[in-house]
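J.: Sequence:
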Amino acid sequence: MKKLIDLSHTIEDGMVTYKGLPAPIICDYLSREESKKHYADGTTFQIGKIEMCSNTGTYLDSPFHRYEDGKDLSQLSLESLASLDGIKITIPETITSIGQEFFNNIDVNGKAVLIETSWSKHWNTEQYYEGHPYLTENAAIYLRDNGARLVGIDSYNIDDITGKERPVHSTLLGSEVLIVEHMCNLHNIPQHSFEFYAVPVKIKGFGTFPVRAFVKTC
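Per numbering that gives the first Met the number 0, the very first residue in the sequence shown carries number 0; after that it's consecutive.
Think of the hints as simulated: they come from the structure by calculation, not from any bench. Hints are all accurate, no fakes.
Distance condition first, Cα-Cα at most 20 Å in a straight line; then the derived SDA-like pairs of lysine to any residue:
{"#": "1", "residue 1": "K18", "residue 2": "N156"}
{"#": "2", "residue 1": "K87", "residue 2": "N156"}
{"#": "3", "residue 1": "K120", "residue 2": "D5"}
{"#": "4", "residue 1": "K203", "residue 2": "G69"}
{"#": "5", "residue 1": "K203", "residue 2": "S53"}
{"#": "6", "residue 1": "K215", "residue 2": "S192"}
{"#": "7", "residue 1": "K18", "residue 2": "N54"}
{"#": "8", "residue 1": "K201", "residue 2": "I49"}
{"#": "9", "residue 1": "K1", "residue 2": "A81"}
{"#": "10", "residue 1": "K87", "residue 2": "H191"}
{"#": "11", "residue 1": "K87", "residue 2": "N103"}
Values in this document were obtained by computation on a predicted structure and should not be read as measured data.
Put together the whole structure using the sequences plus the hints.
T.: Below you can see the structure in the form of structure tokens.
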């Protein structure tokens with residue numbers, strides 16, 4: 000039987016996704032109490048307001064995130080975001096630097112490649128921000144050259160952030176291979192035989208935005 004499995008963190012007021020970036024502010028623009036004066040007795044509405052950095056929660060990076068002339072969110076095709084044939088690669092928890100050897104002899108052509116590191120278990124803790132697993136540049140080159148369409152990871156960043164270069168973002172986004180970071184629940188999905196979905200809001204001039212990432216098992 001087909002099943003939908005959520006791979007997204009819940010966005011909450013005050014939640015820090017990436018250290019140094021502001022947490023979202025979520026509040027009422029129009030509260031139910033204030034709405035009473037606009038409607039008939041017993042009829043109320045809530046209109047919410049959010050002030051949020053685009054890199055919040057589980058989010059997708061488009062080429063524009065890295066490259067000025069790259070496609071922004073509004074220019075991404077639905078075919079690149081939805082109903083993607085998926086494969087999961089499980090990485091031992093003892094591994095921090097994820098090299099090409101974890102992908103050798105695996106067919107990634109045309110697929111959403113989801114990398115399970117189990118780092119998401121540290122979500123909402125100080126440990127989440129330090130010493131996270133990441134892809135090496137060689138791994139990114141291999142995934143790009145072998146036709147991956149999207150790469151997702153349940154870690155703090157797909158790149159090693161101890162230096163100033165971001166070779167994985169540069170390699171993948173430079174070839175329009177989309178990236179999804181800060182995923183969760185990857186332990187709940189199979190290794191293959193699933194479709195992946197990660198559709199952001201269609202915003203012109205934005206390179207990154209939260210998604211409700213999920214898989215549909217086949």
